[in-house]
Amino acid sequence: MRDEKMRTCPVCSMALARPSRGRPPVYCSRSCQARAYRRRRQPLPEPGTPPASRPTDVRARQRRRIAEAVWRIAAGQGLDAASMRRIALEAGVSLRVVQYHFDSKHALLVDALRLLHEENERLARGRIPYDMTDPRRLLRAVLDEFLPLDEQRTFALRVFTAYYARSLTDPALAAVFLAAEQPLEGLVADIIGAGEAAGSTAPGIDRAHEADLLVSGAVGLGLDVVHERRSLAGVRTVLDYHLARIFPAAATETARAAGTTAPGPRPLPSGHPPDAG
Numbered sequence: 001m002r003d004e005k006m007r008t009c010p011v012c013s014m015a016l017a018r019p020s021r022g023r024p025p026v027y028c029s030r031s032c033q034a035r036a037y038r039r040r041r042q043p044l045p046e047p048g049t050p051p052a053s054r055p056t057d058v059r060a061r062q063r064r065r066i067a068e069a070v071w072r073i074a075a076g077q078g079l080d081a082a083s084m085r086r087i088a089l090e091a092g093v094s095l096r097v098v099q100y101h102f103d104s105k106h107a108l109l110v111d112a113l114r115l116l117h118e119e120n121e122r123l124a125r126g127r128i129p130y131d132m133t134d135p136r137r138l139l140r141a142v143l144d145e146f147l148p149l150d151e152q153r154t155f156a157l158r159v160f161t162a163y164y165a166r167s168l169t170d171p172a173l174a175a176v177f178l179a180a181e182q183p184l185e186g187l188v189a190d191i192i193g194a195g196e197a198a199g200s201t202a203p204g205i206d207r208a209h210e211a212d213l214l215v216s217g218a219v220g221l222g223l224d225v226v227h228e229r230r231s232l233a234g235v236r237t238v239l240d241y242h243l244a245r246i247f248p249a250a251a252t253e254t255a256r257a258a259g260t261t262a263p264g265p266r267p268l269p270s271g272h273p274p275d276a277g
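If you're matching positions, the sequence shown starts at 1 in my numbering and goes up one per residue.
Be aware that a few hints might be false.
[Unchecked claim] Quick list of the computed label-pair ranges, beta carbon to beta carbon:
| no. | residue 1 | residue 2 | range |
| --- | --- | --- | --- |
| 1 | R64 | Y130 | 25 to 35 Å |
| 2 | G217 | A81 | 23 to 33 Å |
| 3 | A172 | P25 | 50 to 60 Å |
| 4 | S83 | I205 | 43 to 53 Å |
| 5 | L149 | A107 | 28 to 38 Å |
| 6 | P183 | P10 | 45 to 55 Å |
| 7 | A202 | R65 | 43 to 53 Å |
| 8 | R230 | Y164 | 12 to 22 Å |
| 9 | H227 | A179 | 18 to 28 Å |
| 10 | Y241 | R86 | 41 to 51 Å |
| 11 | V97 | A198 | 50 to 60 Å |
| 12 | S94 | Y130 | 37 to 47 Å |
Calculated directly from the structure, the hints in this document are not laboratory data.
Backbone N, C-alpha and C fix where the C-beta goes; we use that ideal spot for every residue, glycine too.
Given the sequences, and given the hints that come with them, work out the whole structure.
Below, the structure is given as structure tokens:
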């Protein structure tokens, strides 16, 4: 009797055992038979239809949906309210789905923070005119990203504030949220350095110290606006004052073009003695 070619399952490619009698099987199991049936019933896509989402795309979208739920809870109630069950309810998924994507609450909070950083960076790149030939204007645009100038930046600032508050009592989260590197301060220092190279900064400034002051100051002032302790216009005036101190020549030219006077130190209050010497 001549050998027959080994048959395989058309769904999973597993080798099919040859029966001693009767017709040979087409599928290796009922599961593969059901999968083949579902494929046959699925209609063919119309010409020009984009390809169906891959499992990895679906997974990424679901993780993003869960992360956005964390953001909303953090912004509205703080991270202490963000239990796994509450996050699942806010995301509109089951608790089992959240646990499938994230092994622990810490992993979920860290991933949500990472996604928020990526989202903010993407939006900031579209708003900031990256032009090192005008470092003062570039630095002004960077500092604006720390202020609640619109709904998106206000929301992000509230979320980051919730993370900061949680990091005070959560060492594992603090290790991620308060990383040793300071990329924002480094970016601001580099922009000031470009102004130094072009000769547009005040003599004798320390770019690293100025960067620390500007970043921390802008964040704190932005929070004051969120708390309605300060007006947005007042905060921007404060930042313009410090930028004029760092870039005095550029501030003078800008004021001259606008027909105004460059910002300078405020006059001493009445009755305040001037500095001696």
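A quick look at each hint next to the structure:
About 27 Å separates the C-beta atoms of R64 and Y130, a value consistent with the hinted range of 25 to 35 Å. Between G217 and A81 the beta carbon distance is about 30 Å. The supplied range of 23 to 33 Å therefore holds. Between A172 and P25 the CB atoms are about 53 Å apart, so this pair conforms to the stated range of 50 to 60 Å. For the pair S83 and I205, the supplied restraint of 43 to 53 Å holds, since their beta-carbon distance comes to about 48 Å.
In this structure, L149 and A107 meet the distance hint of 28 to 38 Å, their C-beta atoms being roughly 32 Å apart. Judged by the Cβ atoms, the range 45 to 55 Å given for P183 and P10 holds: they are separated by roughly 53 Å. Separated by about 49 Å at the C-beta atoms, A202 and R65 satisfy the suggested range of 43 to 53 Å. A hinted range of 12 to 22 Å holds for the C-beta pair R230 and Y164, which are about 19 Å apart.
About 26 Å separates the C-beta atoms of H227 and A179, a value consistent with the hinted range of 18 to 28 Å. The hint said 41 to 51 Å for the Cβ distance between Y241 and R86, and at roughly 43 Å that hint holds. At roughly 54 Å, the beta-carbon separation of V97 and A198 lies within the given 50 to 60 Å, and the hint holds. At about 43 Å, the CB distance of S94 to Y130 agrees with the hint of 37 to 47 Å.
No hint from the list above goes unmet by this structure.
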